[in-house]
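*Asks:* Each protein sequence line maps, in turn, to chains D, X, P and Y.
Here the first sequence stands for residues 1 to 666, where the numbers follow the numbering used here.
Here the second sequence stands for residues 1 to 151, where the numbers follow the numbering used here.
Here the third sequence stands for residues 1 to 350, where the numbers follow the numbering used here.
Here the fourth sequence stands for residues 1 to 339, where the numbers follow the numbering used here.
Worth flagging that the hints you see were computed from the coordinates, not collected in a lab.
Beta carbons: idealized from backbone N, C-alpha and C, even for Gly.
Possibly wrong hints are sitting among the right ones.
Claimed, not checked - Restraint-style ranges between C-beta atoms, simulated for each label pair:
id, chain 1, residue 1, chain 2, residue 2, range
1, D, Val630, Y, Asp339, 57 to 63 angstroms
2, D, Ala148, Y, Asp310, 45 to 51 angstroms
3, Y, Lys250, D, Pro36, 45 to 51 angstroms
4, D, Glu71, P, Glu282, 57 to 63 angstroms
5, P, Glu282, D, Ile94, 41 to 47 angstroms
6, Y, Lys157, P, Glu282, 40 to 46 angstroms
7, Y, Asp185, P, Asp256, 29 to 35 angstroms
8, D, Lys15, P, Leu67, 24 to 30 angstroms
9, Y, Asp339, P, Tyr261, 40 to 46 angstroms
10, P, Tyr261, Y, Ala331, 20 to 26 angstroms
11, Y, Asp185, P, Leu67, 47 to 53 angstroms
12, Y, Lys250, P, Tyr261, 57 to 63 angstroms
13, Y, Glu140, P, Leu182, 26 to 32 angstroms
14, Y, Asp24, P, Glu282, 57 to 63 angstroms
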Amino acid sequence: MTETDKKIEITGNEKPKIGVYVCHCGVNIGGVVSVPDLVENAKTLPDVTVGREYKFFCSDVGQKMIKEDIEAGLVNRVVVAACSPRMHEPTFRIACQEAGLNQFLFEMANIREHSTWVHMKEPEGAYEVAKDHIRLAIAKARNLAPLAVQKVSVEPVSLVIGAGITGMNAAIDLTKAGYKVYLVDRSATIGGHMAQLDKTFPTMDCSSCILTPKMSEISRNKDIELLTYSEVTEVTGYVGNFEVTIKKKPHYIDQVKCNGCGICVDACPITVANEFDLGLSTRKAIYVPFPQAIPSQYTIDMDSCVECGICARETVCEPLAINYDDEPEYIQVKVGTIIVATGYDEYDPTELKQYGYGKYPNVITGLQMERLLSSFGPVVGKPVKPSDLEAPHSIAFLQCVGSRNFREGGNKYCSRVCCMYATKQARQYKEKHPEADIYIFYMDIRAFGKGYEEFYESAARDYGINYVRGRIAEVRENPLNHNIIIRSEDTLLQQPIEVEVELFVLSTGIEPRADSDSITNLLRIQKSADGFFLEAHPKLRPVDTLTEGIFIAGVSQGPKDIPDSVAQAKGAAASAIGLMAKGEVEIEPFFAVIHPDRCSGCGMCIQNCAYGAIEYVDDRRFGEIASVNVALCKGCGACSGNCRSSAIDIIGFSSEQLNSMITKRE
Amino acid sequence: MTEQAIEEKKSESKEWEPKIIAFLCNWCSYAGADLAGVSRIQYPPNIRIVRVPCSGRINAYFIIKSLTDGWDGVLISGCHPGDCHYISGNLVARRRFAIIKELLEFFGIEPGRVNFMWASAAEGERFAVLVRKATEIVKKLGPNKKFEKKW
Amino acid sequence: MEEKILKKTDIDKLYDELKKDYNFYAPTKVQGNIAFEKISDAKEIELDYLNSKVPPKDVLFPQKETLFEYRNEGKDVIIEERKDLEDKILIFGVRPCDAYSFKLLNDFFAFGDFQDEVFLKKRENATIIGIGCNSPRQTCFCTSVGGHPFQKESTDVFLSDLGDNYLVEAVSDKGKVLLKGLSWLGDAKKADLEKSKELAKQAEDSFTTKFNFDLVTKVLDENFEHPVWEEISESCIGCSSCTFLCPTCTCFDVIDENDEYNNRGRRIRVWDTCQSCLYTLETSGHNPRPAKIQRCRNRIMHKFSYYPSNYDCVGCVGCGRCITACPVNNELRLIIDKILEIEEGDKASA
Amino acid sequence: MGLETENKEIEISLREVARGLLKDKKVDVIIGYKKGTLPLLSQPIIIDSEKDVDKLIWNNLCYVNLAKYLVPRVPRFVDSEKGNLKVGVVSKGCVGRALIHLASENKIKLDEIKIIGIPCNGVVNRQRIEMEIGEKEILEVSVSGNSIIVKGKDFEKEFPFDEYMNDLCKGCKIRKPPLVSKAPDLCVGECEEYSNIVDEFTDIEEFDSKTAEEKWEHISEALSVCTRCYACREACPMCYCNLCFVDQNKPVWFGKTTDLPDIIVYHLIRAYHMAGRCVACGACSLVCPMGIDLNIINRKLEKIVKERFDFTSGLDPDVLPPMVDFKMEDAQEFMLEED
């Protein structure tokens with residue numbers, strides 16, 4: 001039988017035959033309320049022709065039951081009472097479609113998330129809620145009309161925001177599949193946080209050795225348009241057709257004229273803290289972020305520059321590339337998909353006053369330690385105490401700084417990398433200074449990745465690193481030598497312990513970007529309670545967002561290490577490729593429609609529409625009235641919410657459908 | 001005791017429970033309600049949820065129709081200002097809500113009969129807390145009788 | 001003798017007696033306006049009034065009326081007819097113009113094959129006590145439409161205000177029976193009858209508005225299309241106050257109200273008005289009276305042309321309510337003048 | 001100066017302006033008021049020649065908001081050949097505001113009208129006077145000094161104008177039509193530039209302080225006599241919808257009967273629709289055949305939009321009305337929050 005043969009013709013005018021399918025969802029629903037009673041009750045309602053129950057309607061067998069009823073002509077509207085439509089609406093829509101029923105003649109009653117799960121302790125109340133939700137869904141189902149799916153083409157171009165290890169990998173994968181990529185990063189170089197790292201756990205391979213080839217691969221790749229020192233300022237449109245505005249910040253240096261001689265850097269009189277080294281070194285107001293930066297471009301940091309004009313002199317800059325009046329440039333691109341890989345901020349431990357960060361010179365953060373260990377860092381890989389620039393003879397690490405903290409000032413989640421990076425840093429130091437005493441104060445050591453447990457075991461066994469289980473009670477500085485005196489309890493030995501170390505490293509955790517709101521506002525995606533971007537489903541759709549065509553990857557979605565970030569990058573790239581490979585995407589036909597005979601042309605909807613989707617047209621019969629441009633309409637209903645005459649309505653959430661639900665109180 | 005008396009006694013001992021219709025925006029509050037479910041956060045079984053695409057979709061007609069149709073309370077929840085999936089739907093809605101709320105009160109409808117709130121997709125806990133609060137408010141007001149028609 | 005005398009001080013006695021058998025409706029003050037309401041105390045009666053804001057037609061043909069109720073039982077629908085139609089109604093103190101309007105209403109509700117049982121039952125059970133107008137208003141014109149400030153048609157009993165007393169006359173058989181029951185009423189003297197006649201004459205002479213309605217009907221019939229209608233409708237804002245306060249307007253809309261919560265419903269009718277754009281809007285979207293000009297014309301034509309041809313009488317009782325109610329002062333007297341000017345103009349050109 | 005002389009002077013200059021406009025062909029027609037046939041009424045009149053100019057009057061009985069005749073235009077405002085005629089509108093403050101607000105809703109094109117400004121001193125609350133006189137026929141009404149003198153067959157009564165003015169006129173701050181800076185040719189006659197209208201709402205605050213039950217009782221009682229003739233709607237310059245919500249049947253939102261809940265819902269939603277649109281002309285109350293006073297609702301609306309959105313309707317066609325505008329920082333004290 002062909003697809004067309006099976007199609008059940010529904011015009012929306014025939015008498016509704018509503019099938020009600022109440023799912024037990026194992027014991028999730030059936031364990032709280034009586035599913036058979038719900039079915040029996042539903043069957044008494046007008047137009048309900050079939051009522052069935054089953055353990056799992058989302059299973060093949062369950063779906064088959066629904067399909068058979070449709071095929072047998074018993075039902076022409078389907079109501080499934082089960083979980084949230086955000087979970088299985090697509091599943092059942094497809095099932096209806098496969099049985100030949102228009103997929104929009106389906107409605108879901110959410111009796112799991114909205115009833116049995118939130119009223120577990122009040123089964124009677126839960127039953128009433130479930131019963132009512134089913135009745136409301138039936139009321140809406142009665143007013144459903146078949147709709148044609150809209151298909152829109154997908155621009156075979158992707159935008160990747162953030163060019164750290166995640167964004168770079170996603171971009172490379174996208175180009176491998178043949179798609180053009182705009183790779184945007186707001187800093188002057190790509191590489192992200194990984195560029196600041198020295199070695200990576202547990203394999204101890206050098207971060208630069210694996211990162212820099214990727215970076216140059218990016219710069220060579222013709223399909224990647226690299227936009228560093230740039231920010232996305234506006235995103236409009238919808239899946240497959242996003243219009244993106246990107247601001248290219250001014251470098252104040254003509255990159256075409258600049259020959260990269262670097263004389264200007266020497267000539268620049270302004271010295272500021274180098275953020276790449278987290279303030280452990282300095283740079284000039286005119287600078288390249290770090291030697292291996294890609295693109296290797298000079299930039300004037302206008303916040304520090306005093307425009308003294310020295311660098312602009314022909315004696316300094318022979319090609320006269322300096323331009324203090326450089327202006328930002330805005331470019332507009334059209335992309336089909338967007339991948340967000342904006343990474344993270346390191347937790348700032350200043351607020352945890354008890355640890356003395358910012359007060360005692362010899363207290364540093366994990367990322368600072370990373371820079372000290374780095375062979376191209378401020379001390380070329382030979383860590384020193386900030387107080388006297390001597391190599392420390394003893395180091396203590398404190399874990400979970402800013403993580404797993406349920407009190408104020410900190411994050412509740414585990415940052416997932418600190419145990420391993422502290423172990424790695426301890427091992428690295430111990431390799432060069434076997435005599436040094438190293439302590440790691442921890443709550444639990446979390447070594448869950450491939451090879452991690454072995455790595456940790458070896459650190460303790462082969463390197464003699466002292467792991468002390470216990471929270472620190474007191475941190476103070478020895479005023480004579482700036483050493484740090486730590487008092488704690490070793491909870492394994494159940495005795496107090498006091499050590500004096502020369503360097504104290506706070507294993508700071510990972511935080512969402514402080515300005516991640518700008519991304520959520522720009523892209524209309526959500527954040528979860530921890531502040532990281534929210535995935536569409538924590539297990540099944542970990543890189544999707546609720547906005548179709550926009551994906552998230554890497555630490556911006558939640559703390560993770562490099563392998564996990566790269567895995568997600570590849571996942572997000574694959575999802576984006578999936579959308580673009582098809583060339584078109586189906587979108588729900590939930591748009592605003594105008595009843596021209598009711599419209600009096602007051603123009604309120606035009607003003608209310610955030611998308612400029614409504615405009616005046618001169619109607620032959622009704623004069624100047626509103627008209628909806630379906631290509632721009634998102635179906636939000638801001639127009640309809642204000643219409644006095646109900647002249648503008650939203651398909652899928654029509655006034656009649658909602659009204660029918662309101663009137664079904666009991 | 002007669003059967004009728006027993007019946008009466010029963011209904012007396014059973015506390016009156018309000019029925020509240022809740023219009024939740026699809027992107028934040030409906031998802032927040034889902035999260036409350038997934039997290040098994042318990043709240044009283046008094047609300048009946050109607051999904052709408054955005055709080056901007058909610059016409060004043062829905063609110064007043066709910067009251068005339070005998071719902072004891074109306075609860076409306078959208079994304080926090082600035083978080084609207086549709087850019088500004090909740091902001092245009094907020095003005096409408098402010099006006100309808102003031103007018104309802106001006107006409108003598110008890111202030112707590114219609115409640116508005118923001119809850120994001122991540123705020124399952126907040127959703128539950130505010131539903132609890134709204135339920136309490138409406139419960140205190142008693143049944144919605146003002147719009148009841150004499151038959 | 002059929003004529004009796006009722007002392008003004010005895011009104012409460014009358015009320016106490018009649019309220020036993022009747023639902024007693026009388027003019028009374030409601031929010032500053034006179035309205036015919038079922039009263040519960042004789043003190044509420046305001047007989048010394050010009051005329052009621054809303055005509056007493058709403059006692060028999062209320063603005064909102066349930067025609068029948070229904071219940072859903074299982075899959076059946078059970079219709080419950082109204083039980084209160086047999087109640088006896090007394091409408092006390094009705095002005096002659098309004099009393100006459102009941103005849104016109106009756107004409108309409110009993111026209112042809114369509115007998116409106118709800119109205120007719122109530123009319124049958126209604127007794128109307130009219131009261132003459134000693135001092136008609138300047139906006140009154142009942143004498144021009146075949147009425148009179150002391151006209152007794154359609155009343156069962158008729159009162160004339162003689163100062164301290166009312167002259168009470170039985171008009172119909174129903175009225176005679178009613179009066180028979182009120183044996184305590186004094187007999188009227190000849191002087192009382194004379195005085196009543198005198199008052200009637202005085203009232204008749206005081207009319208300032210007079211026009212020849214036969215001529216109006218004739219002009220209307222000949223001038224359905226005439227530029228004057230544009231002029232007439234120009235200032236009308238379509239507020240429909242004229243039709244809502246008119247004692248002879250009968251249009252209504254039928255609505256079913258469903259109470260799903262209690263598995264029941266009712267069919268009701270509410271007043272409608274030809275002045276509303278939606279009144280003639282057809283399902284197809286076509287509207288035969290899309291503009292004010294057609295709607296204004298319809299009101300005038302209906303009263304002064306269609307009524308005469310359908311029921312052989314003018315569909316207006318001359319109460320003047322539409323004149324005082326019109327907020328833009330687009331009043332009937334001016335409209336009639338304009339219509340009659342057509343005739344004069346024709347004459348002049350001839 | 002008494003009202004009488006004041007009105008006379010206004011009338012003289014109005015006629016002069018009107019004559020000039022017609023003579024210089026600045027307008028094709030003028031809509032204004034003429035003397036009514038009933039003592040408490042005036043009548044709208046449309047004139048198109050200089051000879052009719054003396055029919056125009058101005059007094060405290062000119063209730064009707066003439067903007068109503070432009071949305072939609074009455075037939076005389078449209079020429080079969082020329083199209084929309086240029087209309088001069090005799091405008092007190094609220095008529096001018098209505099015209100300007102309607103321009104912001106695209107219902108009026110400002111270059112097709114001329115606002116003939118009148119410095120209005122308030123209109124008489126005719127219903128209140130009628131009710132006070134009660135069951136006697138009013139035969140003559142005149143305004144003299146600061147009183148309204150009402151005469152009938154055998155009575156004469158004097159009402160202080162300040163008290164028996166329409167309630168909305170009492171605190172009116174916009175007595176002359178507003179000047180629109182972008183359209184300098186729009187206004188002739190007496191108009192004024194307004195900025196930062198300060199209004200006090202002591203009357204409403206008093207009502208606001210009542211309990212819900214008291215408010216409900218008050219509103220129910222006031223509206224109980226409503227016959228739902230919709231005269232208020234038809235007289236309102238802002239009620240120009242092709243299909244009013246009460247007449248909608250897909251879906252049927254609200255009951256159409258005169259049961260109290262249905263009446264209240266009608267007035268409640270009509271009020272909601274007037275938010276930021278009401279120009280405080282009071283036409284709705286002045287035309288009510290039952291004399292229902294809707295002014296208190298209109299005042300409340302003014303208060304809401306003034307206090308919440310600092311908006312006064314009908315002053316500038318380019319300022320977005322509050323219902324279509326928004327600000328991130330709009331007050332949201334009414335939102336439910338965690339304790």
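*Asks:* Decide, hint by hint, whether the structure agrees.
*Replies:* A quick look at each hint next to the structure:
1. For the pair valine 630/D and aspartate 339/Y, the beta carbons lie near 45 angstroms from each other, so the given range of 57 to 63 angstroms is not met.
2. Separated by about 46 angstroms at the C-beta atoms, alanine 148/D and aspartate 310/Y satisfy the suggested range of 45 to 51 angstroms.
3. Lysine 250/Y and proline 36/D have their C-beta atoms about 37 angstroms apart, which leaves the hinted 45 to 51 angstroms range violated.
4. Separation of glutamate 71/D from glutamate 282/P is about 42 angstroms and departs from the stated range, judged on CB atoms against 57 to 63 angstroms.
5. For the pair glutamate 282/P and isoleucine 94/D, the supplied restraint of 41 to 47 angstroms holds, since their beta-carbon distance comes to about 43 angstroms.
6. About 51 angstroms separates the C-beta atoms of lysine 157/Y and glutamate 282/P, a value inconsistent with the hinted range of 40 to 46 angstroms.
7. Look at aspartate 185/Y against aspartate 256/P: about 55 angstroms separates their beta carbons, and that is not inside 29 to 35 angstroms.
8. At roughly 27 angstroms, the beta-carbon separation of lysine 15/D and leucine 67/P lies within the given 24 to 30 angstroms, and the hint holds.
9. The hinted range of 40 to 46 angstroms is not satisfied by aspartate 339/Y and tyrosine 261/P, whose Cβ atoms lie roughly 34 angstroms apart.
10. At roughly 37 angstroms, the beta carbons of tyrosine 261/P and alanine 331/Y sit outside the given window of 20 to 26 angstroms.
11. Look at aspartate 185/Y against leucine 67/P: about 59 angstroms separates their beta carbons, and that is not inside 47 to 53 angstroms.
12. With their beta carbons about 22 angstroms apart, lysine 250/Y and tyrosine 261/P fall outside the hinted range of 57 to 63 angstroms.
13. Distance hint check: the CB atoms of glutamate 140/Y and leucine 182/P are about 42 angstroms apart, inconsistent with the given range 26 to 32 angstroms.
14. Between aspartate 24/Y and glutamate 282/P the C-beta distance comes to about 47 angstroms, which lies outside the given range of 57 to 63 angstroms.
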